[in-house]
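Chemist: Sequence:
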Amino acid sequence: MDNFHGFGLAAPLNIALAKLGFVRPTPIQVQADKEGLTTREIADAFYVPEATMAQRISRAKRALQGRQIASTRRRPGGPANDRLV
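First residue of the sequence shown? That's 1 in the numbering used here, and the numbers climb one at a time after it.
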């Protein structure tokens, strides 16, 4: 894999990676895309402490959960149709 686009990440993540100078994934990052890795292995791939990576993963999960919940709520006071927010 020559770049992070093959990971199927959202465009803003690809842009952020490029701005940070991450152009080509390391072998362990490529492996992580193919099979699940531990938090420790992911932390090692990005050269950050395991506790920091665990915090980042937790924040990302909470952010995604919030978006999923928000995307299925109906607009308050809106018409009773099938449109979701």
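Any given hint could be a false lead.
[Stated by the list, open to error] FRET-style restraints, in silico, Cβ to Cβ: (1) Gln65 x Asp2: 17 to 25 Å; (2) Val23 x Gln65: 25 to 33 Å; (3) Ala51 x Asp2: 26 to 34 Å; (4) Ala16 x Ser58: 29 to 37 Å; (5) Tyr47 x Leu9: 14 to 22 Å; (6) Gly8 x Glu41: 24 to 32 Å.
[Said to hold, decoys possible] Calculated pairs, SDA-like style, for lysine to any residue (alpha carbon to alpha carbon, straight line, at most 25 Å): (7) Lys61 x Gln29; (8) Lys61 x Gln31; (9) Lys61 x Ala16; (10) Lys61 x Ile15; (11) Lys61 x Ala11.
The hints are simulated quantities; they were obtained by calculation from the structure and are not laboratory data. Since the structure is predicted, the reported quantities are computational estimates derived from the model, not experimental observations. Where a beta carbon is used, it is the ideal one built from N, C-alpha and C, also for glycine.
Chemist: Against the earlier hints, flag every one the structure doesn't satisfy and list their numbers going up.
Modeler: 1, 4 and 6
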